[in-house]
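Chemist: Listed below, chain by chain, are the residues.
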Amino acid sequence: MLFLQQLINGLAIGSVYALMTVGYSLIYSLMSFTNFAHGVVVTVCAYVGYFVLSFFITNIPVGIICALVSGLAVSVIIELSTYRPLLLRNAKRLYLCIAGLGLSIMAENLIIIFLSGRFKSYPAEVLTLGNITVGSATIGIIDLVILGVSVVALVGLELYIRTSKDGLAIRGASFSLDNASIMGINTDGLMIKVFAIAGALAGVAGFFCGIKYTAYPKLGSSLTNKAFISAVLGGLGSLPGAIVGSFILGVLEVMVAGYVSSTLRDVFSFSLLVIILLVKPTGLMGKSSEDKA
Amino acid sequence: MRKVLALVMAAALTLSLLTACASSDDGNEGDTIKIGFVGPLTGDSQPWGEAQLNEIQLCVDNINENGGILGKQVELVYYDNRADNIESANATRRLIQEDGVCAILGPNASGAAIAMASVCDENQVPMIATNATNPSVTVDDDGNVRPYVFRVCLTDNQYGESIASYAYNEMGIRNVAILYEVGSDYSMGLETAFTQSFTELGGTILTTEGYKTDDVDFRAQLSTIKDLNPDAIFLPALYKQITLATNQARELGEDAVFLGTDSWFNGDVLDTAGSSVEGSIFTAAMDTENEALDSIKAEYLEAYGEEIDTMGTTGYYGYDVFMVLKAAIEQAGNDDPTAIRDALEGISDVEGCVGTISLDPDTHNPARTVAIMTVENGAFKTVSLYDGNN
Amino acid sequence: MNSYWIGIMTQTGIYLLAVLGVCILTGFTGLFSFGHAGFMAIGGYVSAIAVKFGDLPLPVGLLLGTAAAALVGIAIGTPTLKLRGDYFLIATLGIGEAIRMILENWEFVGGAKGLTDVGSGISFPLVLCIDILVIFMLANFLRSKHGRNCIAIRENETAARAMGINIFRYKLLAMGISCALAGLAGALLGHYMNYLQPTMFNSVKSNELLIMVIMGGFGSLTGSIISALILVPLPEVLRIGSAQEWRMVVYGLLVVLIILFKPTGLMGYRELTIRGIRNFFRKIGMLFRKQAARKEE
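Chains as they are written, first to last, in the numbering used here: chain W, 1 to 293; chain E, 1001 to 1390; chain V, 2001 to 2297.
Source of the hints: derived by calculation from the structure; they are not laboratory data.
Do not rely on the hints blindly, as some may be mistaken.
Here are the simulated DMTMM-like cross-link-like pairs (lysine to aspartate or glutamate), alpha carbons at most 25 Å apart as the crow flies [claimed, not checked]: (1) W:K218 x V:E2155; (2) W:K218 x E:D1268; (3) E:K1297 x E:E1065; (4) W:K120 x E:E1306; (5) W:K218 x E:D1214; (6) V:K2052 x E:E1278; (7) E:K1072 x E:D1099; (8) W:K120 x E:E1278; (9) W:K120 x E:D1294; (10) E:K1381 x E:E1278; (11) W:K120 x E:E1307; (12) V:K2262 x W:D188; (13) W:K218 x V:E2157; (14) E:K1072 x E:D1141; (15) W:K92 x V:E2157; (16) E:K1212 x E:D1294; (17) E:K1212 x V:E2236; (18) V:K2052 x E:D1142; (19) V:K2052 x E:D1141; (20) V:K2052 x E:D1121; (21) E:K1034 x E:D1336; (22) E:K1381 x E:D1336; (23) E:K1212 x V:E2107; (24) W:K120 x E:D1268; (25) V:K2052 x E:D1140; (26) W:K120 x E:E1050; (27) W:K92 x V:E2236; (28) E:K1034 x V:E2236.
Just a sample of chain V residues kept apart from chain E, beta carbon distances all over 12 Å, derived [unchecked claim]: (29) Q2011; (30) M2101; (31) F2108; (32) K2113; (33) A2159; (34) I2167; (35) P2198.
Glycine included, every Cβ here is placed at the ideal spot set by N, Cα and C.
Please build the complete structure, drawing on both the sequences and the hints.
Modeler: This is how it looks when you write it as structure tokens:
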């Protein structure tokens, strides 16, 4: 049945979106700003995965770990070098967004200069792992891997947030960073942890995207837009919302492409974004978004 | 407030004066023939632009060693258009105004060519597009030929017709699904041409699915296509989308043969999607196994250390376009742009790399033979030739 | 003076209008727009349709384009200006992309292949006149009561509201003016190139507009003007190798540095006036006199 196949396609796409969106939403909920540099982590790790798999060892788990670690590192570096000084100065949140944009432009063009604008495709052995059939639908093995890893990562994250002490700190700080600091929470350390988690997830997302879509300079920025849409759809600031939003977006996109018109898919996604922001900015599960006085 | 205005006016006037002084040399020194080249030298399309430029440069060097054209040395001025249409127009203007070229070679894309066409017509300097296949590059919407625009490649209509004909007549294919790139002149032109030819022959187009430039996930479209069970899938895409789409299709369990176009003739496609494209059929600008190309291949390899056709046939077009221009300049007897243009219109029997080239005065297009190629055991192989008759 | 350089200057003059548009929005509402190229697109396409299909004269087309962009801007601004800063940002990003994609899919205007022969007739003197007129009107506006209200909002929104200024109405006004300017720029660009294509109005363009305003100082008209005058012709001047990518790297780096160290950009919130220049020289003069006096001691 075509519908089942499209549904599976949508969930596969959604799982990749989810890895990106969750990291972005985590940062947003803690620090109330949109990290435009999130895409940088994704792109960089896609390339890291390419280099590791092409020149060192063609092994997916190794690739995932390398991407995870690099993502973590890059994200923390970005936080410490760019966002931290601004936050210390209590800069307007918009400034952080602009700085993120600047970083993302820099990174994308540096990659084009040093690694050439042409895409880098992962080794063929990784690309042709075969598929399995479920009823009348087919799903690639790699997509199952991606789905599996994503689910594990996301469930792990939710557990961490709900049960651990750090998780409690994060939840508290997401209401008010300043109050949390007054209560004795080390907010500096917390921010690093949050960026690290977001970076790690984004890194893994980058690795998977590299496999499925090849590594190319604009990879991060094009997927970041989808992450925004998913986050807004699910509700900015809500982690479960981010996950739900991502899967819904993935499935909706595929359905639009399959049943309505394949070229209207992106028009649909962006229009959805605008409509939600206009009609229900809090999304499905999010918090208030009005400007405070 | 009036002071702000005064200041702004002063600034504007100063700027005008400064730029008046910035005007540099106004062109030809008289003892060299300057020709221009516009193509993508950076970005995604870099390999094609580079191959073409390299080949043209090689031709220029060869000619200069042998006395030049009409006894004068040839100077090649080139600009990167970054595959952008506005950049192409700007580069063209710069070549004409600043560098004073007598003719422009390139570009290798239809959108850029159309943007450059109005600049060339306006300034009366001829351009010869290398690989711009959209019919409206040389003939505008009202059916009038653009006086200063020519090309050495076939049009989308001819390519579409050749693959449709081969598929219907030789392969017995009756049902085709199409997956094309919305936003690419190349892909859209071919989709239209193929659909028209194939349906005229009696075939059926089951569905026409589109994707946007920069899309990387085609599973939604491919699933729809698979559901309709076509005999073949026509995929007029560029190499990145070819690798992604074919791999994704095979992963979905879609086994139909792929029909492609000259963008398929690309070594990278074999590396990254070798098993998925095995058995595909596509058109190529020329039969690359033709022995006549051996000397060109050898020369290029020696000069640049790479094969001329790893990324496609654009390098050979470089040779052809230079030869056509050279013949036109010789026929005109001087390097006046309008004289060259007059010579180009209706020029005939120029020795190209695989045969003679003649340009039709009514359309400024050449008549050429298309090669039909396939992927066999992980390598490219020519299976047939098509010249509009079979 | 050949048509190549005139062409560059004309394009600069055209983009200047869009940059001023972004400047008005960010400088006087404190909101950044990541999708202003979309409003340029609206202006461009409406004008093109009017001239090419409606056979209307060029000036009418330009007016229609400007008005259309302003109207769409106000329509979109009404619900979004109430949102928080970064929501507005994402909304404008989405709008810019949505507009471009809708145009890419709309066969009537040529879709992704674009629209050719939309009507030409834009010359450098015309653009220069329009630029001067617009700058004159903007400067006037800023000196007027409405302008000063906008500045009050920028400085401290709560205090402004306490003074009885209708924040929302002024933000909407700023948005309208900003989008009108972008629309005008888009219409001029289309007729100058005699050709329109959705990729001419993509997010890279939006980013470039924003970058120019940030560098010039987003509260200052003169800052944006200087920024545009330098940065728009830059790609043409730098035609070497990977220069374009390095140019973008430098832009990105400059943006980050500016935000880190001098967020108000080159000119901050100040404008360039003759009094300002006189003061500047006077200060230097005093500095020299102080040095001389100290030496005598």
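Chemist: Looking at the structure, which of the earlier hints fail to hold?
Modeler: As far as the earlier hints go, 1, 6, 9, 13, 14, 16, 17, 22, 27, 29, 30, 32, 35 are violated by this structure, in ascending order.
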